[in-house]
Amino acid sequence: MWGRVIEIMIAVWIALSPFIFRAQDDLVVLWADQVVAAAIVLLAALSYWSRLRYAHLGSLFIALALIIWGRTSGSPPPPIHQNHIVIGLLLMMIAIIPNDASMPHEVWSRERLSP
Amino acid sequence: MLDKEPVGDYLNVNVPPYSYNPSSWSQRIPICVLAMVAAIISSYMSLYQWDFIDSTWDPFFGDGTDTVLKSKTAKQMYAFLGIHDAALGVLAYIGDAVLGFAGSTRRWQYRPWLVILFGIDVIPLGIVSVVLVLCQAFVVGSWCFLCLVTAGISLILVYWAWDEVRVSLAYLRIVWMQNRSARVLWNAFWGIRSEALDHAATTLLQREVA
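Protein sequence lines correspond, in order, to chains U and C. When you read off a place in the first sequence, starting at 1, and then add 11, the result is the number in the numbering used here. When you read off a place in the second sequence, starting at 1, and then add 11, the result is the number in the numbering used here.
The shape of chain U in the complex, shown without the other chains (with noise of 0.2 Å):
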C-alpha cells in the first residue's frame, strides 16, 4: 500500500501549500488546497477497504484538475499554481500504482490453475 501512503504524503503538502508558497491570503487557492487534500486522503484510504480497492484511481481525475487549474493560471504561472502542475503530474504517476503493488494480484497469488 505504499502508493497510498506517498498520497496521503502528498496531499499534506498541498494542504500546506498555500503558507509555503504565500498564497494563505486568496481564499480560493487556500480552501481549494484544503479540499483537494481532504478528497485525496478520502480516496486513498478508502483504498484501504477491499470493496473500494479501486478508490485511488479517483485520485487520476483530481490529478488532471490539478494540472489544467495550475497551466490556466497565467503563462508563466505563479509559484503556487506551478506547484499545482507539477503535484498534480506526481499525483497521477501515484494513483495509478496498486494496493499490495510488489505482490501479484490476488487472482494469481492464491493458487495456480492447471494449464
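Be a bit skeptical, because a hint or two may be false.
[Claimed, not checked] Here are the simulated SDA-like pairs of lysine to any residue, each with C-alpha atoms no more than 25 Å apart in a straight line:
no.: 1; chain 1: C; residue 1: Lys86; chain 2: U; residue 2: Ser84
no.: 2; chain 1: C; residue 1: Lys83; chain 2: U; residue 2: Ser84
no.: 3; chain 1: C; residue 1: Lys86; chain 2: U; residue 2: Ala49
no.: 4; chain 1: C; residue 1: Lys81; chain 2: U; residue 2: Gly85
no.: 5; chain 1: C; residue 1: Lys86; chain 2: U; residue 2: Val16
no.: 6; chain 1: C; residue 1: Lys81; chain 2: U; residue 2: Pro89
Think of the hints as simulated: they come from the structure by calculation, not from any bench.
Keeping the supplied structure of chain U fixed, place chain C upon it in accordance with the hints.
Quick look at chain C alone, frame taken from chain U:
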C-alpha cells in the same frame, strides 16, 4: 481445475530468451536507483532555473550549463509548459523509478500494463530527451555538462529496461497467436487471469534460452 502451489515457487523464474528474470528485483532496483540519481541532478538544475541558486556546477564547459538552462529555448519551454523543463525531467525520472519499483517479480505476465507504461516512460521519452539535449546544444550553441550526464543516464535506463518490455510484449504476442481474440489479449494486458493466459506463459517459459 485448480492446483495449489506456493507463490514463491513460480514468481521469480528465468524468462527465455534470457537466462535470468528481467522482472527480478536485482534487475529493477538498479534502474530505480539510477533514475533517482538523474532526478536529483535534474532537481539541482531546477533550483537554478527557479533562481534558488546563483549558478550551477560545470567542470568542463564553464558557464555552459547556466547558459543552456537560462537560454531563450528554455524560456520558451517554460512559457509553453508552465513549469521549467528541468522540473519536468525530475518528474519523468521519478516516474521511471516509481513504475520500475511497482509490481511483483512476475509482473511481465501479471501486470503487462505496468511494464508497458514503464517502457513508454523509459524508452521513447528517454530517447526524446537525449535528442532534445543534443538539439539544445546545437540550437543554443552551448554544452551543458549536467544535461549530458542525465542524457547518458537516460540511455543506460533504456538499455536496462528493454529486456523486461521485450518479454512482456513477447508474452502478449503469444497470447494473441494462441487465441486470436482481442478480448483475451485485453484481459492479458490488464492481468485478468484465465487458463489461456497461464498456457501462454507456459509456452513462453518453455522456449529455448538463446
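Q.
Need the list of violated hint numbers for this structure, in ascending order.
A. 3, 5
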